[in-house]
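Generate the whole structure from the sequences, applying the supplied hints.
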Amino acid sequence: MKVCKHCGEINTNDSSYCCNCGQSNFILQDEIACPNCGALNDKSFSHCINCGTRLRDTSTREAPQSAGYTPVPVDIKQELSGVFDTGLTSIPSEMARCPHCGTMVPITAIFCPKCGVSVANLHSRRVVERKVCPHCGKLNKLDTSLCSYCFSSLAHADTEQLHVTHESENLGEITIRQVYLEGLNGKQLICSNCGTLNEPGEPFCVNCGLKLEVDAPKKYCPNCGTENSAESQFCSKCRWSFEGETPDKIEKWTCPFCQHANEHEDSFCSNCGQKRQK
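Residue numbers for the sequence shown follow the working numbering, so the first one is 1 and each next one is one higher.
Keep in mind that a hint or two might mislead.
As the list claims (entries may be wrong) - Calculated pairs, BS3-like style, for lysine-lysine (alpha carbon to alpha carbon, straight line, at most 25 angstroms): (1) Lys43 <-> Lys211; (2) Lys211 <-> Lys141; (3) Lys218 <-> Lys5; (4) Lys43 <-> Lys5; (5) Lys237 <-> Lys275; (6) Lys114 <-> Lys5; (7) Lys141 <-> Lys187; (8) Lys211 <-> Lys237; (9) Lys219 <-> Lys2; (10) Lys2 <-> Lys138; (11) Lys218 <-> Lys2; (12) Lys114 <-> Lys252; (13) Lys141 <-> Lys43; (14) Lys211 <-> Lys278; (15) Lys252 <-> Lys278; (16) Lys252 <-> Lys5; (17) Lys252 <-> Lys2; (18) Lys275 <-> Lys252; (19) Lys114 <-> Lys2; (20) Lys237 <-> Lys218; (21) Lys218 <-> Lys138.
Calculated from the structure, these hints are not laboratory results.
Following this line, the structure appears as structure tokens:
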């Protein structure tokens, strides 16, 4: 999976644009597929977040080549045909086709991950279903076998209908849209990584730990690396110009004892500690 460097949203590997903010800068996230259900998990996880299966068998070791062992290639799509089944004849209830490029986009997408077109309105007021955990009452995705909150079995769970809603939030000069599912008990924020529902204001997903709060956009100075607000014209530390302009003159005073240049407002030398001479 790819993680958007702009807003932290997790996107699929074939995404060219972030499904949340529409930006195109990503970093890769290491993942492994569950041998039981095929769900993708972070490489650091020991058990699948979808079905609870152990992801690594530490009791076995690969046989050495010198012992005459020849590994047999496994067709993962054949082994997990139910997971990789592409014979769908209709669009799944929680997906929609991008009107511009035809890419399938989930209900959590604000922008198409392929072409960057806004797709939020495709899912507005869409009705979806969730399993109600018989033990804790929390809502889970229909394809989940264990509750994401208390890990109880959902084999005999009832279902509840909810509808998709959006809320906008201003962060500096940009406006972001958050996706919620609203039902009998109010609205809940959908985790775009695992689909778990979280209470509004929850900073991290209760199931997978994904950061849910969107930080205000930042600029990083290419000269010194200092973090600046998105609307900054000059770096707050070294005065590097983000727009190619001439920076304001920075007044400094030189210590007569060690010749170190100090900030204008400093009363003592930051290098040797001597008091500034009047």
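Taking the hints in turn, this is what the structure says about them:
Under the criterion of a C-alpha separation no larger than 25 angstroms, the hint pairing lysine 43 with lysine 211 is consistent with the structure, at around 17 angstroms. Taking the CA atoms of lysine 211 and lysine 141, the gap is near 20 angstroms; set against the 25 angstroms cutoff, the hint holds. Straight-line distance between C-alpha atoms of lysine 218 and lysine 5 comes to about 11 angstroms, which keeps the hinted pair within the 25 angstroms bound. This hinted pair checks out: lysine 43 and lysine 5 have alpha carbons roughly 19 angstroms apart, not beyond 25 angstroms.
The hinted pair formed by lysine 237 and lysine 275 meets the criterion: a straight-line CA distance of about 23 angstroms does not exceed 25 angstroms. At most 25 angstroms may separate the alpha-carbon atoms for a hinted pair to count; lysine 114 and lysine 5 meet this at roughly 17 angstroms. Simply put, lysine 141 and lysine 187 have alpha-carbon atoms about 15 angstroms apart, close enough for the 25 angstroms limit, and the pair holds. Note on lysine 211 and lysine 237: the hinted pairing is violated, with a Cα-Cα distance of about 28 angstroms set against a maximum of 25 angstroms.
A hinted pair counts as satisfied when its Cα atoms are at most 25 angstroms apart, and lysine 219 with lysine 2 qualifies at roughly 21 angstroms. With a C-alpha separation of about 29 angstroms, the suggested pair lysine 2 and lysine 138 falls outside the 25 angstroms cut-off, and the hint is violated. Annotation: proposed proximity of lysine 218 to lysine 2 holds, straight-line Cα distance about 20 angstroms (limit 25 angstroms). Restraint check: the Cα-Cα separation between lysine 114 and lysine 252 comes to about 50 angstroms, which exceeds 25 angstroms; the hinted pair is violated.
Straight-line distance between C-alpha atoms of lysine 141 and lysine 43 comes to about 22 angstroms, which keeps the hinted pair within the 25 angstroms bound. With a C-alpha separation of about 51 angstroms, the suggested pair lysine 211 and lysine 278 falls outside the 25 angstroms cut-off, and the hint is violated. About 14 angstroms separates the Cα atoms of lysine 252 and lysine 278, which keeps this hinted pair within 25 angstroms; it holds. For the proposed pair lysine 252 and lysine 5, the alpha carbon gap of about 36 angstroms is over 25 angstroms, so the pair is violated.
A threshold of 25 angstroms between alpha carbons decides the hint, and for lysine 252 with lysine 2 the separation of about 44 angstroms lies outside it, so the pair is violated. Simply put, lysine 275 and lysine 252 have alpha-carbon atoms about 14 angstroms apart, close enough for the 25 angstroms limit, and the pair holds. For the hint linking lysine 114 to lysine 2, the alpha-carbon distance of about 13 angstroms falls within 25 angstroms, and the restraint holds. For the hint linking lysine 237 to lysine 218, the alpha-carbon distance of about 14 angstroms falls within 25 angstroms, and the restraint holds.
Distance restraint check for lysine 218 and lysine 138: the Cα-Cα separation of roughly 36 angstroms exceeds the 25 angstroms cut-off, and the hinted pair is therefore not satisfied.
This entry does not satisfy hints 8, 10, 12, 14, 16, 17 and 21, going by the numbered hints stated previously.
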